[in-house]
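Asks: One-letter residues, chain by chain:
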Amino acid sequence: MSDYTLLAIVCGLGTYLWRGLGVTLSARIRPESELFAWIGCVAYAMLAGLISRVILMPSGSLEHTALWQRLAATGFALVAYLLLTRKNLFAGVIASAAAMYVVLRLSA
Amino acid sequence: MTARSGFQQGLLHAAGVPALVLAAGYIGFGALSAGHGLSLAGTLLSTLLIWALPAQLIIVEMHTLGAPFFAVLLTAVLSGVRFLPMTVILAPLLYEARSRPLHQYAAAHFISMSGWAWAMARFPAMPPERRLGYFFGFTSTLMASALASTALGYLAGDLLPPMAKLAFVFMSPMYFLLLLAGGQNDARGYLAIVVGAVAGPLAHFVTPQWSVLIAGIAGGTLAYFAHRAWKRKGLAR
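Residue numbers (our numbering), protein chains in the order written: chain A, 10 to 117; chain B, -16 to 220.
Among the hints, a few may not be true.
[To be verified] What the simulated footprint calls covered on chain A by chain B, stretch by stretch (three residues with Cβ under 8 Å from a Cβ of chain B suffice, anywhere in the stretch; the number is not a length):
no., region
1, 33 to 42
2, 54 to 64
3, 72 to 83
4, 89 to 102
5, 105 to 116
The hints are simulated quantities; they were obtained by calculation from the structure and are not laboratory data. In this text, all values refer to a predicted model and were calculated from it rather than measured experimentally. Ideal Cβ placement from N, Cα and C applies to all residues, glycine included.
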């Protein structure tokens, strides 16, 4: 077994610790409690923070796109999703990719 | 309408945009791993066992830079800490009288950003007894798509033209953005989303590695107390 394979297995076990601990803790916290409400806020804020960071300051291959290109494609996706198609997720996501492709093509 | 089981319904719902968006991310992961000369077996095991793309990317990068085993392990495991609040919130929604704790512990492995955000948006309107089956149907389809895409990216990732690849990669933040924008949230949920969206980039300036966690805790706490203060004044429900 290679080092990398072993690493994948051990890191998988380590990551599961959080998920398993989450189930154990959830049995001890009442869903109507204030603690639960706070944990929910943290979970949503984490996800929202991650998304906005990826759009505003991406790392990896999206670094090759400009901020205005990402914002234009994001705006188009939101309009397609919320206004044009009444929350059709498929249409919204495809619109975002199409908009990004067109914007990149036009500015190339 | 025919009576589909929760599992079948979840499977069908995943086999569209959710599987496609995930495929885009995992094709990239497979291509990256092949580019670094890592084994296909290890790359597939990474998707199956870790099931968290950010951690998987961290491991590839640190490992190929020659970081010590325990440094990689620590960084990868710490990056998964977001699963703790996510699982705490989701597990009670998956519970119903006939289910056993074992079901919840098994479901916990399948929680990812994608499955979680989808479930949080749909579960309030779904009868509790359908949710566990639905969740397994939905997430096992995602897992199958991710494994196939990892292999595809590993074997054929470099064939995509660069612009199409960028458009592909852009789909995954958009998918989460639209899920959040269209979900059935209360005022507190929306407040947490808005404050978190501002806190994320700010925290990234200070500490890129810890930004997700710090933005989540600081932004979520701020949103929680702001909502409570408003509620006291009778401005929000």
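Asks: Now tell me, hint by hint, if it's right for this structure.
Replies: Right, here's what the structure says about each hint:
1. Check on the region 33 to 42 of chain A: 5 of its residues sit with their Cβ under 8 Å from a Cβ of chain B, so the three-residue criterion for coverage holds.
2. A count of 11 residues in the region 54 to 64 of chain A with a Cβ less than 8 Å from any Cβ of chain B is obtained; the coverage claim is therefore met, three being the minimum.
3. Counting residues of the region 72 to 83 of chain A whose beta carbon lies closer than 8 Å to any beta carbon of chain B gives 5, which reaches the threshold of three, so the coverage claim holds.
4. With a threshold of 8 Å between beta carbons, the proposed coverage of the region 89 to 102 of chain A by chain B holds, since 7 of its residues qualify and at least three are required.
5. Three residues within the 8 Å Cβ limit are the bar, and the region 105 to 116 of chain A against chain B gives 7, so the coverage statement holds.
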